[in-house]
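Participant: Below are the chains, spelled out letter by letter.
2 protein chains.
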Amino acid sequence: MYKVTKPTLLLDKKKAIKNIKRMAEKAKASGVNYRPHFKTHFSKEIGEWYRDLGVKSITVSSIDMAVFFAGHGWDDITIAFPVNILQMDVLKHLAKAVKLGLVVESQSVIKAINTEIESAVDVYIKVDTGYHRVGIWHENVEEIKQLGEAIAEPHQFKGLLAHFGHTYSETKREEIKSIYDYGVASLNALRDQLGQKLKISIGDTPSCSLMDKFENVDEIRPGNLIFYDVMQANIGSCIKEDIAVCLAAPVVAVYLERSEVVVHGGAVHLSKDRLNDDQGDYYGKVVLLEEKGWSQPLEDYRIKGLSQEHGKITIPKDQIRKFKIGDVLGILPVHSCLTANLMKEYMTLRGEKVGTMHL
Amino acid sequence: MYKVTKPTLLLDKKKAIKNIKRMAEKAKASGVNYRPHFKTHFSKEIGEWYRDLGVKSITVSSIDMAVFFAGHGWDDITIAFPVNILQMDVLKHLAKAVKLGLVVESQSVIKAINTEIESAVDVYIKVDTGYHRVGIWHENVEEIKQLGEAIAEPHQFKGLLAHFGHTYSETKREEIKSIYDYGVASLNALRDQLGQKLKISIGDTPSCSLMDKFENVDEIRPGNLIFYDVMQANIGSCIKEDIAVCLAAPVVAVYLERSEVVVHGGAVHLSKDRLNDDQGDYYGKVVLLEEKGWSQPLEDYRIKGLSQEHGKITIPKDQIRKFKIGDVLGILPVHSCLTANLMKEYMTLRGEKVGTMHL
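Those protein sequence lines, which keep their order, are chains A and B. Take 31 as the starting number for the first sequence in the numbering used here and just add one per residue. Take 31 as the starting number for the second sequence in the numbering used here and just add one per residue.
Heads up, some of the hints might be wrong.
Unchecked claim - Here are the simulated DSS-like cross-link-like pairs (lysine-lysine), alpha carbons at most 27 Å apart as the crow flies: (1) A:Lys-354 <-> B:Lys-74; (2) A:Lys-86 <-> A:Lys-36; (3) B:Lys-374 <-> A:Lys-74; (4) B:Lys-188 <-> B:Lys-175; (5) B:Lys-270 <-> A:Lys-352; (6) B:Lys-354 <-> A:Lys-122; (7) A:Lys-141 <-> B:Lys-129; (8) B:Lys-270 <-> B:Lys-188; (9) A:Lys-36 <-> B:Lys-129; (10) B:Lys-270 <-> A:Lys-36; (11) B:Lys-36 <-> A:Lys-126; (12) A:Lys-33 <-> B:Lys-141; (13) B:Lys-354 <-> A:Lys-36.
Claimed, not checked - To be clear about the criterion: a stretch of chain B counts as covered by chain A if any three or more of its residues have a C-beta under 8 Å from a C-beta of chain A, and this derived list gives those stretches: (14) 47 to 60; (15) 224 to 232; (16) 294 to 303.
Just so you know, the hints here were simulated from the structure itself, not pulled from any lab data. This structure is a prediction, so every number in the text was calculated from the model and none was measured. Using N, Cα and C, we set each Cβ at its ideal position, and we do this for glycine too.
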C-alpha cells in the first residue's frame with residue numbers, strides 16, 4: 031500500500047500497462063510498427079513494461095533523452111524533433127551505438143549529417159499536414175524530393191514522419207478522424223509522387239486512440255496514452271478511468287467561509303498547463319484517494335489556481351466540512367507529460383518508487 | 031566565455047548580485063532583516079552569494095527545500111508555506127538542527143507542533159491582507175489571539191507573516207504602494223490589538239522592489255528579485271536590464287513563408303507561465319545573445335507558442351532571413367522561479383555551471 035507525506039505522483043501500473051497493451055495490440059492487428067514516445071514517462075523502469083509487451087523501437091524528443099535510453103538497452107531510437115546541429119558530436123557517437131532515426135527538414139541539416147555522422151542513420155523527412163509547427167508542407171513535393179536526394183550514403187532516406195498535433199484542439203471524434211484521414215492521405219500521395227519505398231510514421235495520441243485500425247501507415251508513435259490525462263479525456267482519446275497518474279497533494283489549509291482548501295501541489299508539481307470551461311480556467315480534476323487507486327473525478331470541485339507550491343481548490347459548500355488539514359487529495363493532471371517531468375519520480379499503488387531520467 | 035549546444039539557462043552573475051545587493055542595502059538602511067526566499071534559485075552556490083553580502087537568514091517554500099539548505103550551512107530558516115503535518119517527523123529533526131520558523135494558521139497544526147516537536151521553533155501566524163490564498167483575515171483578531179495563546183513552550187509566537195501576492199496582478203506603482211500600505215497598516219493594527227511583541231514579516235517582490243524604504247515592518251522576504259523576469263518587468267518591479275537569467279535556445283527550424291523560427295526551448299524549459307497583451311498570449315521575450323550577456327528584448331519578436339520541447343517564435347518579415355538553423359536565441363522567461371526549477375542548472379556568462387537542489 032502506498033503512503034504519501036508530500037506531493038507524490040501516484041502511478042496505477044495496471045492502468046498504464048492496460049493502456050500500452052491496448053495500443054500495442056491495435057498496432058499488431060493493423061500490422062504497423064509501434065514506436066512509443068518515451069517523452070511522457072522518462073523512465074527506464076517503465077520502458078521495461080513496454081519491452082515486456084514486445085516493443086523494440088522507441089521515440090524520444092531530445093538528444094539527451096536518446097542518450098539516456100540508449101544507456102538502458104534501447105537500440106532502435108528515433109528522435110522526433112528537428113536535429114539540433116549544435117549537438118552533432120553527441121549524435122555522431124550515438125549513431126555508432128544504436129540504430130538512430132533522425133528527423134530533418136532542411137538542406138543544411140542533411141549536409142551536416144552527411145559530413146559529420148559516419149555510421150548509418152535513418153533519415154525521416156518531417157512533413158506538415160496541417161499542424162504548422164514544424165515540417166515541410168506536404169504539397170511541396172519538389173522541395174521534399176530534393177531533400178531526399180541530398181541524403182548521402184551510408185545514410186538512408188527512410189521515411190516521411192508527421193505529427194497531427196492539431197488533433198489536440200479538437201473534441202469531436204469525426205474532426206479528429208478527418209485530420210487523421212487528411213494526414214494519412216497526404217502522406218501517401220506524397221510517397222507516390224516521390225516514387226520511393228518510404229515508411230510513413232505518424233503519432234498523436236488522439237488519433238491513435240480513436241482509430242480502430244491503421245491503414246496505409248507503417249508506424250505509430252503515440253506516447254501520452256500510457257498515462258492519458260484530463261486534456262486527453264476532454265478530447266475523447268480516453269475515458270477518465272484510463273488516466274493512470276494522479277498527484278497526491280496534502281491539504282495544508284481549509285477555509286470554511288470561502289469553501290476552499292489549499293493543497294501542497296502547485297506549478298512545480300503539476301505544471302501550469304490548464305483547460306477552461308464556462309467557469310474559466312482550471313488546472314486538473316480532483317479525485318478522492320482510495321486504497322486501490324482513486325475515485326471518479328469530483329466534477330463540482332475546482333482547481334482554480336496554482337502558485338509555485340500552492341494549489342487552490344474550491345469545494346461545494348455542503349462538503350467543505352469533510353476536509354481537514356493532513357488529508358490528502360488526488361489531482362488528475364491536465365497534461366501528464368509535463369507533470370511527470372516535474373515530479374521526476376512515481377509511486378505505484380503498492381508503494382514502489384519508480385524513477386525517471388531526472389532522478 | 032559560455033558555450034551553448036542545447037537549451038541552457040544563462041545566468042548573469044553580476045546582475046544577480048547587483049539585484050540582491052540593492053535589496054540587502056535597502057533592508058539595512060531601513061533597519062529590517064532581509065530573509066530572502068530561496069525558492070527562486072534553489073542553489074547552494076547562489077546561496078553563498080547572499081551569504082557574502084551578509085545574509086544569515088533565509089526563507090524556503092517546502093520542507094524538502096529547508097532540509098537541502100540546512101545541509102548547506104543555513105541555520106536560520108523559515109518555511110513560508112503552511113505546515114504540512116504529514117511531514118512532522120522531518121520537522122522534528124530539522125528543529126533540532128536549525129533555528130526553524132514555521133507558518134501556521136490553525137489550531138490543529140499548533141497542536142501538532144506542541145505535541146510532536148521538542149526543540150523550540152519560532153511560530154508565525156499567517157495573515158491575509160487581501161491576497162486570499164492562505165492566512166487568516168487580519169480583522170479576525172480573536173481567532174489569531176487564540177492561536178497565539180495555543181502556542182506552548184518551548185515554542186514561541188514570534189510574529190505575523192503575510193504575503194501581498196495581489197501585487198503581482200498590478201502594473202501601477204500607486205496600486206502596489208496602496209496594497210503595501212494597507213497590508214502594513216493592517217498588520218500593525220493587528221499587532222497592537224494583540225498587545226504582544228511580535229515581528230512583522232512581509233515579502234512580495236513587487237512591493238519590496240518599489241518601496242524606497244520599509245517602515246513598521248521587521249523583516250522582508252522577497253526572492254524573485256535575484257533574477258527578476260518579464261512578469262516583474264511588466265509589473266514595474268524592475269527594468270528589463272535587471273533580468274539576470276535567459277534561456278539560450280538553439281534554432282532548429284526556420285520558416286521563411288510564415289516568418290517563424292522554432293527553437294529547442296519549450297514547456298519543459300521555460301514552464302507554461304504566460305503573459306498577454308493586445309495580440310494574445312506570449313511566453314517570454316526574445317533577446318540576441320552577446321559575448322557579455324544579451325541584448326534588449328526584441329519587442330517585435332513574439333514567442334507565441336510552447337510545446338513540450340518546441341518554442342515557436344514569430345520574427346518580423348524583414349528580419350527572418352538573418353536566422354539559420356544552429357543559431358542560438360535568448361529568451362527572457364515570464365517567470366524565472368519556474369524556469370530555474372525546470373532547468374535545474376545555470377551557466378554563468380563565464381561558462382561556469384551552477385547547480386540547484388535538483389541537479
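Participant: Has the given pair, Lys-354 of chain B with Lys-36 of chain A, been kept, meaning a C-alpha gap of at most 27 Å?
Facilitator: 46 Å, violated
Participant: For Lys-188 of chain B and Lys-175 of chain B, compute the direct alpha-carbon distance and say whether it is at most 27 Å.
Facilitator: 13 Å, holds
Participant: Under the criterion that the straight-line Cα-Cα distance not exceed 27 Å, is the pair Lys-33 of chain A, Lys-141 of chain B satisfied?
Facilitator: Status holds; Cα separation ~23 Å.
Participant: Given the hinted pair Lys-374 of chain B and Lys-74 of chain A, is their Cα-Cα distance within 27 Å?
Facilitator: 20 Å, holds
Participant: Examine the segment 224 to 232 of chain B: at least three residues should have C-beta closer than 8 Å to a C-beta of chain A.
Facilitator: Result for this restraint: violated, n = 0.
Participant: Given the hint that Lys-141 of chain A pairs with Lys-129 of chain B, test it: the Cα-Cα distance must not exceed 27 Å.
Facilitator: Between Lys-141 of chain A and Lys-129 of chain B the Cα gap is close to 61 Å, so the pair fails against 27 Å, i.e. violated.
Participant: Under the criterion that the straight-line Cα-Cα distance not exceed 27 Å, is the pair Lys-354 of chain B, Lys-122 of chain A satisfied?
Facilitator: Holds, at roughly 21 Å.
Participant: Need the status of pair Lys-270 of chain B, Lys-36 of chain A: alpha-carbon distance at most 27 Å?
Facilitator: 36 Å, violated
Participant: When I compare C-beta atoms, does the segment 294 to 303 of chain B have three or more residues closer than 8 Å to chain A?
Facilitator: holds (count 6)
Participant: Keeping to a limit of 27 Å between CA atoms, is the pair of Lys-36 of chain B and Lys-126 of chain A held or broken?
Facilitator: Cα-Cα ~21 Å, so holds.
Participant: Assess, step by step, whether the Cα of Lys-270 of chain B is no farther than 27 Å from the Cα of Lys-352 of chain A, and give holds or violated.
Facilitator: With Cα atoms ~47 Å apart, Lys-270 of chain B and Lys-352 of chain A exceed 27 Å; violated.
Participant: Need the status of pair Lys-36 of chain A, Lys-129 of chain B: alpha-carbon distance at most 27 Å?
Facilitator: 22 Å, holds
The structure shown violates the earlier hints numbered 1, 2, 5, 7, 8, 10, 13, 14, 15.
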